[in-house]
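Numbering (UniProt numbering), first residue to last: 1 to 157.
The hints are all genuine.
Below, a list of computed lysine to aspartate or glutamate pairs in the EDC-like style, where the Cα atoms sit at most 20 angstroms apart:
hint: 1; residue 1: Lys52; residue 2: Asp34
hint: 2; residue 1: Lys26; residue 2: Glu80
hint: 3; residue 1: Lys65; residue 2: Asp11
hint: 4; residue 1: Lys65; residue 2: Asp34
hint: 5; residue 1: Lys76; residue 2: Asp21
hint: 6; residue 1: Lys65; residue 2: Asp35
hint: 7; residue 1: Lys70; residue 2: Glu19
hint: 8; residue 1: Lys76; residue 2: Glu19
hint: 9; residue 1: Lys26; residue 2: Glu41
hint: 10; residue 1: Lys70; residue 2: Asp34
hint: 11; residue 1: Lys52; residue 2: Asp35
hint: 12; residue 1: Lys70; residue 2: Glu41
hint: 13; residue 1: Lys65; residue 2: Glu41
hint: 14; residue 1: Lys52; residue 2: Glu41
hint: 15; residue 1: Lys52; residue 2: Asp11
hint: 16; residue 1: Lys70; residue 2: Glu80
hint: 17; residue 1: Lys65; residue 2: Glu80
hint: 18; residue 1: Lys76; residue 2: Glu41
hint: 19; residue 1: Lys70; residue 2: Asp11
These are calculated hints, taken from the structure and not from any lab test.
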Amino acid sequence: MNAAPAISVVDSCTLIYVEVDQNSNKVWQGTVLDDGSFIAEWGRVGNQLQSKTYYLNSVTLAQSKFARTKRQKLRKGYTEAQIINQHQNYNVSLKEEDLELIAAKQIEHGKDPRAKQLIRYLVAVNIHNITSQTNISYDVTTGNFSTPLGLVTPERF
Numbered sequence: 001m002n003a004a005p006a007i008s009v010v011d012s013c014t015l016i017y018v019e020v021d022q023n024s025n026k027v028w029q030g031t032v033l034d035d036g037s038f039i040a041e042w043g044r045v046g047n048q049l050q051s052k053t054y055y056l057n058s059v060t061l062a063q064s065k066f067a068r069t070k071r072q073k074l075r076k077g078y079t080e081a082q083i084i085n086q087h088q089n090y091n092v093s094l095k096e097e098d099l100e101l102i103a104a105k106q107i108e109h110g111k112d113p114r115a116k117q118l119i120r121y122l123v124a125v126n127i128h129n130i131t132s133q134t135n136i137s138y139d140v141t142t143g144n145f146s147t148p149l150g151l152v153t154p155e156r157f
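With these hints in hand, go ahead and build the complete structure from the sequences.
Next up, the structure:
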């Protein structure tokens, strides 16, 4: 019995469109496969995405369709999502203790234990504010922030 050849990704991107006033939080994902197909997925962030596969029988044609659709989305106001695929290894993370050390260095508190306790509180509250007012969740064990689309890099904060 012959195994089907593995299909691999040639190119992909994730675009987002966020307009708070309009309650708009859209995502568009495009993927070009080496079998000459192009997959477009779209919908509201966090919901089940709709999808359409274009079988173009040529990687060149699939890449062209992908690039054209991506340009159209960018013209409409979409931006490239600054995320890391959750299946990728990414070792940079900030733990709550790290945030506390950074805050302690940046805030002049002397040796007052109450000031240090306040810094701890503010660090904890800030994470709570980020996670309660957005689709972002915080993993205490890894120190990583993630969205339904993937991990968020520390630089994006």
